[in-house]
Each structure stands twice: as C-alpha cells, then as structure tokens.
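Engineer: Spelled out, the chains give:
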Amino acid sequence: DVKVTQSSRYLVKRTGEKVFLECVQDMDHENMFWYRQDPGLGLRLIYFSYDVKMKEKGDIPEGYSVSREKKERFSLILESASTNQTSMYLCASSLLQGKGVQFFGPGTRLTVL
Amino acid sequence: GNSVTQMEGPVTLSEEAFLTINCTYTATGYPSLFWYVQYPGEGLQLLLKATKADDKGSNKGFEATYRKETTSFHLEKGSVQVSDSAVYFCALSAQTGANNLFFGTGTRLTVIP
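Protein sequence lines correspond, in order, to chains A and B.
Note that this note's numbering numbers the first sequence so that position 110 is 110, with each residue one more than the last.
Count along the second sequence from 1, add 113, and you get the number used in this note's numbering.
Worth flagging that the hints you see were computed from the coordinates, not collected in a lab.
Predicted model, so just to flag it, every value in this text is computed and none were measured.
Among the hints, a few may not be true.
DSBU-like mimics (lysine-lysine), calculated; alpha carbons at most 35 Å apart, straight line [what the hints assert, rightly or not]:
no.	chain 1	residue 1	chain 2	residue 2
1	B	K181	A	K3
2	A	K57	B	K165
3	B	K181	A	K70
4	A	K55	B	K181
5	A	K57	A	K18
6	B	K190	A	K55
7	A	K3	A	K18
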C-alpha cells in the first residue's frame with residue numbers, strides 16, 4: 001500500500017522558533033508538495049519539488065523554505081515561526097507525469113503560540 | 114489564471130438523500146478536473162477524475178461530468194451514507210506545468226442516520 005508519512009500529527013511551537021516538518025514517501029515519486037489548509041481557504045501550495053535538490057515556489061512561499069536532499073524526503077522549514085503560520089500542513093507526492101493525481105499524508109496540525 | 118469555485122458548506126443530509134456539490138472552474142487551455150475527499154483525521158485522497166470534456170468520472174457511487182460549455186464539474190451521489198461524511202475538494206490541474214493542483218475551498222458533508 002502506497003504511503004506518505006509526516007513526522008508529527010500535532011505540534012506546538014513558540015513564536016520565533018525554527019520548525020521542521022518532515023515528509024517521507026515510499027512510492028519513488030519524483031514530485032513532492034507542501035500545502036497549508038485553512039478553513040474557508042482550501043489548500044494553498046507553499047512549495048513543490050520535482051527532483052532532488054530542486055524546488056519551486058508555490059502560491060504562498062513567504063516565511064517558508066524547503067529541503068529535498070533525498071528523493072523520498074521533503075522537509076518544510078519555518079525559519080522563525082509566527083502565529084499566522086498556525087495551520088494544518090499537508091504533504092503530497094506524485095509521479096513526474098502524474099497529471100494531477102497526488103497522494104497525501106495525514107497532515108500536521110501546527111500551533112504557534 | 115486557474116481557479117476553482119466550490120459550493121459553500123456545510124451540507125447536512127439524511128441517509129439515502131441525493132447529493133450535489135457544485136464546482137465551477139476558470140482555466141487556460143484544457144485542464145483535468147478532480148474531486149478529492151478528506152475523511153475525519155486523514156489526508157486527502159482522490160475520489161474521481163476526468164481529463165477531457167464530456168468525460169464522466171465515477172467511484173464509490175459518486176459521479177461528476179466534465180462540462181466545458183458551463184466550466185463545471187459537479188459532484189453527485191444518488192444515495193448518501195453516514196460513511197460519506199467528509200470534506201470534499203474540487204481541484205484542477207492545468208494542461209501544462211508541474212502537475213500542480215488548484216483547489217476549491219472544500220465542502221463539509223455530514224450525513225445523519
């Protein structure tokens with residue numbers, strides 16, 4: 001069974017902390033994505049990556065960075081967490097020519113105090 | 114640009130009722146269209162898709178038809194069950210690009226016995 005896993009289901013951090021969210025997929029997918037999900041706004045793309053060490057900005061990259069050192073792992077980094085980054089974060093992966101078919105992890109609910 | 118407008122929720126139905134969730138889109142070119150579903154406590158999973166005009170996607174009793182003339186992809190089910198309670202997201206994938214998805218805001222469906 002294909003799987004995307006995320007390092008934490010719930011995370012509580014303080015303003016100004018550096019936060020790492022980890023995502024691992026076991027499907028040998030080329031593409032990986034980070035979204036944030038907020039009520040009334042749906043899912044918004046933060047960053048995506050189509051290959052190791054490659055990254056592209058999505059719609060809302062400000063305040064975030066990413067790292068992809070291995071094909072199966074894609075990390076989202078909040079350099080200095082702020083309260084407006086409290087949200088649900090979803091990771092997804094797809095084949096290079098996945099044509100929109102993405103596989104999602106269960107999400108990490110991050111609260112920044 | 115690319116965008117998806119989705120019926121506002123929440124929607125509450127009795128078991129065995131007919132379901133329609135409206136979705137319209139704006140896109141350049143010929144997008145592919147999707148419905149993703151998020152069950153409580155889980156990540157999103159693909160429910161159905163359609164890749165060209167007049168295609169009908171179907172799965173688990175749900176259907177949606179890609180209507181280019183009305184730029185719509187409405188989700189329907191003839192008889193909902195309690196287990197269908199979830200959040201439903203309409204999404205599109207542009208014809209070109211890195212398989213990014215553009216999501217609607219999501220519609221929460223609650224089915225009561």
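Engineer: Check whether the Cα positions of A:K57 and B:K165 lie no farther apart than 35 Å.
Structural biologist: Distance of about 28 Å is within 35 Å: holds.
Engineer: Would the hint linking A:K3 and A:K18 be met if the CA-CA limit is 35 Å?
Structural biologist: holds (27 Å)
Engineer: Between B:K181 and A:K70, is the straight-line Cα distance small enough, at 35 Å or below?
Structural biologist: violated (40 Å)
Engineer: Verify the proposed pairing of B:K190 with A:K55, using a straight-line Cα cut of 35 Å.
Structural biologist: violated (39 Å)
Engineer: For the pair supplied as a hint, A:K55 and B:K181, is the alpha-carbon distance within the 35 Å limit?
Structural biologist: At roughly 33 Å apart (the allowed maximum being 35 Å), B:K181 and A:K55 satisfy the hint.
Engineer: Sort out whether A:K18 lies within 35 Å of A:K57, counting only the CA atoms.
Structural biologist: holds (20 Å)
Engineer: Next pair to validate is B:K181 with A:K3; report whether the Cα-Cα distance is within 35 Å.
Structural biologist: Measuring from Cα to Cα gives roughly 34 Å; hence the hint holds.
When held up to the earlier numbered hints, the structure conflicts with 3, 6 and fits the remainder.
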